Every structure is written in structure tokens, then in C-alpha cells.
Amino acid sequence: MDKVNKVVMIADSDQHVCNLLSRFLADAGYTVTYAADGYIALDSARLAPPMAILTEVLLPRLDGLALCRLIKSDAATSDITSVIVLSVLAAEERALSSGADAFMQKPLEKHRLLKILNEANSKRGLKA
Amino acid sequence: MKHSDYKCISTGNPQMDEILNGGFPSNSINIIMGQPGTGKTIFAEQMVFHHARDNDKDERPILYVTTLSEPAAKVLMYLQRFSFFDESKVGSVVHYQEIGTQLTKNGIGAMVPFIEDAIHSLSPKIIVIDSFKALHDLAESTQQMRRMLYELTGLLTAFETTVFLLGEYTDEHAQTLPEFAIADGILQFLRSSLSTRDERFLRVLKLRGSSYLEGLHGCKITSAGLDIFPRLVTPSVAESYYAEIERVSSGVAGFDEVVGGGFLRGSTTVVAGPAGAGKTTFGLQFALAGSRQNERSLYVNFQENPSQLARLIKFLGADLDKIKLEGFELLYASPVELQIDSIIVKLFGLIQEKNIKRVVIDSISDFSRASSDADRLHDYLYSLLQHLSLKGVTTLLTYETVGTMLDDGKDAATISRFSNMSDNIVLLGLGHEPEYERDIRCIKARATKHDRKAHRFEITDKGICVY
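Chains A and B, in that order, give the protein sequences. Each step along the first sequence adds one to the number in this note's numbering, with nothing skipped, and position 19 is 19. Each step along the second sequence adds one to the number in this note's numbering, with nothing skipped, and position 165 is 165.
No wet-lab data here; the hints were simulated from the structure. Predicted, not measured: the structure shown is a model, and the values here were computed from it. Watch out, some of these pointers could steer you wrong.
Estimated spans, in silico, between C-beta atoms of each pair [claimed, not checked]: (1) B:Asn420 x A:Glu92: 51 to 57 Å; (2) B:Ser26 x A:Tyr39: 31 to 37 Å; (3) B:Lys105 x A:Leu58: 31 to 37 Å; (4) A:Ala90 x B:Gln143: 46 to 52 Å.
Cβ atoms here follow ideal geometry from the backbone N, Cα and C, with glycine treated the same way.
Model the full assembly from the supplied sequences, consistent with the hints where possible.
This is how it looks when you write it as C-alpha cells:
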């Protein structure tokens, strides 16, 4: 890989949650993009696939699990992007069967989040 | 959520954790409410420093945010008087931050960015906001307050931290203000005036995802922080039963025959009579008889101080120092400072710890006077006596009547109330002119063939002798 893709997309409708997540990610050297609903996230990812998508399950218009399935079934994005599903629900099984690389139950904590993101990327051979 | 997933955060106070069935839920939003001076800040600080004490270097810190009720410096100044306070933790583990200026300048909209900043820079495991209620004074509208609360809740739900919102909230606020709807736990502190002293209580109003000990629990503020006394609840009724037939001597010469050979083990007896009738002597004889038979006795007294009691015990032919070594326990509390909750918790703890088999409470009249709530006292005593009965502890309660007989309304009503929870009732009389002959009568003895006649008695240097 010539140039390391260090873009992480946050798909979450809560502006304050997005802000805080982006600050955690920026601290770790990532470039962050946002999507306030599932279709915006899908379109943006198809246009410029990010290294990873952190998506909330309860996303407007297209939920996070459906977004995950579409990203993983699309050849343009499936090999490039890790998808990490976030939720207050204990939805790990559904997230993994939707093709997610990892699942993280809310509430979140910075170090745990970065660890899971790194592990998901490492599994896919992506280096942060 | 699976039950096994439920995690608690300890309050740092074992009694409070017992009330909360382990503590507050982790990563929850909780309200600590109460009028000024009820103890909510002390409770929160005690919890904060408990967690600070056990904090390893790598652990996440604690954030204490003051709003507009009291500057952090003032909170800290008074906090230093408590033994739980540890100056070395301030700034290293416990971070005090003021948001008053931002709130005054930018309104309540400053709160969410402030907390966002704090989570980003500190990643605190606990956040205390004191006072959260003060934000209502700055809100331009209810709508603005609701909006801020919605955003704050979203943020706090998404990130790992346990939050405590402190405030001078009233019962009415708890019904109407929006933060009470989003709270996972609500703890209320109360204070009520009783004669020359105050009684403090706390109660849990809400605790999502867990059972808790309902009702009012007594508490008091000491130099070590809050001392909490969980309400004693009636033990669950055993499915099997065992009818106790063993007799326990009263220790009063000539009286055992009146009640069929002594009191039944595990029973409760009320000894009632006017001042000077011999109730304390009767109670002491009962307790001392236990010591003589290698049964540990506990004498709870609110009238005679330890020196007066030692003289009385000596009069009855025993040596207090000697019998203490043999397992005789004395618990004295001044009737002026008597708080039922603390006494009963102490008493119950002693009974369990020392394997006490005989208990004398002298007197329940003092309990009644010390209690602001007669129903609560009755429930408390009932629970205590049920516990004691199940443990095979034989109990004697003294009660001071106003007149010489029980025919006046007040005494009769009270005795009737205690009668429900007692197995035996014994009346002591001072007698009438010209002889003033003392008399004793057993007017009730459950499951026992007893002698209801009045018997003459005297108080000799061996104590009460019944004829």
C-alpha cells in the first residue's frame, strides 16, 4: 500500500457523540469524516472508501447493520473498509453475522475503542 | 441485558451498598437529592475519595464539577475535616473543575461542550455535578433545559462514566423536572427536627435494573463521613417450623412458677409498671440469670448511666467487671441522643457477633419518646423481635406506665400495641395505702398455662422475690 489510508468514518446521528469520537480518533492520528445517516455513509464510502467505519446500529434511514451488510457485499468497499458496529444493545451476534469486523457495546471508552479499531484493522492487514 | 451483565459501582459505604444491593449501576446517571445540609455532598465526596484511594496509576480519574451553588475551594475547605479526605489525591486522581463562569457567560448551553471536553481530556470513570439543580436558574426556558438534558444524556450514555447529579431538589421537583425521568438511580436525603435534635434519613426512590432496600434508613454525619443504618426488615417466614418448648428462667425468685416454669426460649416479654416499681431490677435479674447459666446476655439501657448500673448490679450481688468477662454485655445510650436506627443496628450487630441469647431493652418507653414516627418504631421493633425469635434469643422489654394500673387510655393503647408483638405481659404495681404492698401479675403468656392472680413481691438485697 503506497499511501496509508487513515480515514475513519463515524456514522452516528448524535452530534456530540460524533465530536467526541472524532477527538479520540484525531488524537490517535486518524482523519475523520462523518455521516449523519446510513445512506449518506454508504454513498460516501462508495465514493471514497475509508479505512474503517464506526457505525451506530440505530442510524436514521438505513440502520447500522444494513449499512454493514451493504458495505461488505460491495466489491468496491468490502476489501478496503473495516466496519465496527457500536450500540448500547448487546447486538454482537447480529453485527458479526452482518459482516462486521468487530462489535463494541456502548458505553465507549477511548483506549478500548482504539484497541478494537487497531485489532480490526490488523486482522484485515491494514496498518494504522 | 443478561442479569450477569449488571455491574455495580460501590458507594464506598458497606451499609449503603447493602441498601442498594451492591451499589449504583455502572455507567449510569444518578440523582442525589436533598435540602441543604442533609448530607448529599458528604455522601458524594466520601464515595469519590473511596474510589480515589483504590485508584492505581493507570486507572481513570474522577471529575467533580461545581456549578453555581458553591465554589470548589469552599467545598474543599470543609472537606478537609473528614477522615476520608486525602489531600494527595486532589489534582492527581480527583479533579475539581468549576463551570460557573462559563454557565454565567454562555448559559446552560456550556454544559454539554464542557462535559465533552472533560471526557476527552480526562476520560473520568466518575463525574459528579454539584449542583445540577442550579442549572434550572440559568435556563431561559424549560425547552432549553430539556434540550440540554437530552444532549447530555446522549453523550453520557455513549461513553463509559458513572454520573451523579447533586441538587437541592424537593419531592415536587422529583415529580416534575425532566432529569428525574432520565435518572437510573435516585437517592434522597432528608432531615427532620425532633425536639432539640435532628434526625437524618435517606431513601432510594429509584434504581433501574436492581432491587433495593425500600423505606427510610437512618444516618448521621460523623468525622468519618456518613454513618448509615439500613432499615431492619422482617425475616422471611420459614416454610418449616419448630415449636420451642425449652423454658428459660426469669432469674426472679418465685416468678417462674407464675409462667409455667419460666419464659419459653425465643419469646418476648413486656414488663410494665410505673417509675420505681422494679422494672430495671426485674430486667437485670433476667440478664444476670443468663450469665449464671453461661448464656450471653445483653442489657440495653437508656436511663441509668454505666456507673449507676454498676451500683445496681452490685446491689444484686454481682460484680460488673467479672460478669463482663463472662459475656455480659452492656449497651448504654443517652435518651437525649437516642436515634432508634443506630441503636437497633448496633444492638442487632452485637447479638450476631457475640451470640447473645438474652436481651433486655430498658426501656421501650424511651424508644417511643425518641421516635418521631410511632408506626415506624412499631415496625422496627416487630422486625427486630422476629429476628431474635428465629435466633432463639429470649427478650425482655420494659415499659414505664404513667399510673399505677393500666386502666388509663394512653398506657392501655400502647401496651395493647406492644402486646401484638410480645408473648408475655407482666405488670408490676406499687400497691396502695396504707401498706403499699408491691404486686406482680402476668396478664398474658402465649402458649403457656399461667397464673393470672396478683402476687405480692418485695425487693430485697437478692432482688425481686415473689410470694
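Evaluated hints:
Between B:Asn420 and A:Glu92 the Cβ separation comes to about 56 Å, which falls inside the hinted range of 51 to 57 Å. At roughly 35 Å, the beta carbons of B:Ser26 and A:Tyr39 sit within the given window of 31 to 37 Å. Checked against the hint of 31 to 37 Å, the pair B:Lys105 and A:Leu58 passes, with Cβ atoms roughly 35 Å apart. Taking the beta carbon of each, A:Ala90 and B:Gln143 are about 34 Å apart, not inside 46 to 52 Å as hinted.
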